[in-house]
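Student: Now for the letters of each chain:
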Amino acid sequence: MAGFNKVVDSYEAAMAGLQDNMTVIAGGFGLCGIPEGLIAQIKKMNTQGLTVVSNNCGIDGFGLGLLLEEKQIKKMVSSYVGENALFEQQLLNGELEVELTPQGTLAEKMRAGGAGIPAFYTATGFGTPVGDGKESRKFNGRDYILEESITGDFAIIKAYKADRYGNCIYRHTAQNFNPMAATAGKITVVEVEEIVEPGELSPSEIHTPGIYVDRIIVGSFEKRIERKILSATSSNQ
Amino acid sequence: MSLSREQIAMRVAQEFGDGHYINLGIGIPTLAANYVADDIEVMLQSENGLLGMGPYPTEEQVDADMINAGKETVTAAIGASIFDSAESFAMIRGGHVDLTVLGAFEVDCYGNIASWMIPNKLIKGMGGAMDLVAGAQNIIVTMTHADKHGHSKLLEQCTLPLTGVNCINKIITDLAVLEVKDGAFHLVERAPGVSVDEIRTKTAGKLVVAGNIPEMMF
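Protein sequences appear in the order of chains A and B. In this text, residue positions in the first sequence follow the numbering used here: the first is 1, and each later residue adds one. In this text, residue positions in the second sequence follow the numbering used here: the first is 1, and each later residue adds one.
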């Protein structure tokens, strides 16, 4: 790869090096802003025993739910997994381990992991099952628990546009966990809708600077919607 | 008469102050957005990364990249901003959100809340609820006063795994508005036609009734 050209032309190249028992951090909230093609590639590779860190686990048959079908996931670190019957079934069968983590704590774990901060104190979860067994400390009269940060062998990201340097922008609420996840992977792979010429993105509009990004691939996205709700005025028409 | 979901939402909206940043949970709290008074301006925060949530879209406006925390299609209001999840929870955990309204399975008279897990039955995860109850300045719970078997949800001590400790300020149910302080529920208002005795019967935790309790006004 010459200079700063991080663009790869196949999904095989995008996910090269992924092995059994690795940790993969995935961007996305529900089905919004998920790297659809990279998930499909992990399914194709049939990598086993993965620990997947993602706010949700897709739905049955789509998104990260695809990796449940082949039982490729050993452990999920998520804040909410209620959209997924297969997930529940594997959890109850003991085939899948889950570490339920508050959404803000999960975001901060990724952010801290990418920023070289090994742990942080937060009030979130104190006095609840989330705080069980964790170190706690009082600051200014308030109780906090110590949460450890997260890094991954891979981070898989969905962005809107990127240039060959890896500078990325996200679109609307498809941003969600993607920027933090991008910082926390040893190898960060970004699937984008469009690659633009260097200089086309204004330096001040970049969400994820290219330094965090190792590989970029152009994907085509189904962008499935979980709950399409229309305004009352339009559904009455 | 106990209140309908819409009436609870109407009463919740009376708690909204002009210039408030508000996070509304899924269900009844979200309905309250339909009843914001005409003479105030509020901004709704959706924890997936949107401040200034607008109405649901028209068919033409539907955009898969534009959803709310309930994973529903949504629009951005004038003045909105969109950001990542760490930024979103910095707002929440940093105490910048003025008011959070959320549902619950149980609340106790010490302001503890259980809303995310029923062991061996419901294990879906807490989403952003633990961050919200640890972070907001003011937290209101909306729920029915008793479950469908008639058991009170306002307890001396929560029995289910907690979402947060000592954090709930106010509860708005289908029967009453109550404040939570000094280890007791303090009855503030009752639903039209609901007696103090009925509320007392359906409140398992310590209830303080001081003086004449007015009916809610709509």
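Hint data in this document are derived by calculation from the structure and do not stem from the laboratory. Do not take every clue at face value.
Below, in silico cross-link-like pairs of lysine-lysine (DSS-like), each with a Cα-Cα straight-line distance of 27 Å or less [claimed, not checked]:
1. B:121 with A:75
2. A:71 with B:181
3. A:228 with B:124
Between beta-carbon pairs, the in silico distance windows are [said to hold, decoys possible]:
4. A:43 with B:213: 55 to 63 Å
5. A:204 with B:78: 18 to 26 Å
6. B:151 with A:139: 34 to 42 Å
7. A:82 with B:78: 30 to 38 Å
8. B:122 with A:5: 43 to 51 Å
9. A:5 with B:15: 51 to 59 Å
10. B:27 with A:148: 51 to 59 Å
11. B:78 with A:139: 17 to 25 Å
12. A:143 with B:118: 19 to 27 Å
13. A:43 with B:217: 43 to 51 Å
14. B:183 with A:129: 29 to 37 Å
15. A:61 with B:78: 44 to 52 Å
16. A:129 with B:198: 33 to 41 Å
From the three backbone atoms N, C-alpha and C, an ideal C-beta is built for every residue, glycine too.
Student: Evaluate each hint against the coordinates.
Tutor: So, going through the hints one by one against the coordinates:
| no. | hint | result |
| --- | --- | --- |
| 1 | B:121 with A:75 | holds, 20 Å |
| 2 | A:71 with B:181 | violated, 49 Å |
| 3 | A:228 with B:124 | holds, 21 Å |
| 4 | A:43 with B:213: 55 to 63 Å | holds, 60 Å |
| 5 | A:204 with B:78: 18 to 26 Å | holds, 23 Å |
| 6 | B:151 with A:139: 34 to 42 Å | holds, 38 Å |
| 7 | A:82 with B:78: 30 to 38 Å | holds, 33 Å |
| 8 | B:122 with A:5: 43 to 51 Å | holds, 49 Å |
| 9 | A:5 with B:15: 51 to 59 Å | holds, 55 Å |
| 10 | B:27 with A:148: 51 to 59 Å | violated, 33 Å |
| 11 | B:78 with A:139: 17 to 25 Å | violated, 39 Å |
| 12 | A:143 with B:118: 19 to 27 Å | holds, 25 Å |
| 13 | A:43 with B:217: 43 to 51 Å | violated, 57 Å |
| 14 | B:183 with A:129: 29 to 37 Å | violated, 23 Å |
| 15 | A:61 with B:78: 44 to 52 Å | violated, 38 Å |
| 16 | A:129 with B:198: 33 to 41 Å | holds, 34 Å |
Hints 2, 10, 11, 13, 14, 15, counting from the list given before, are not met by this structure.
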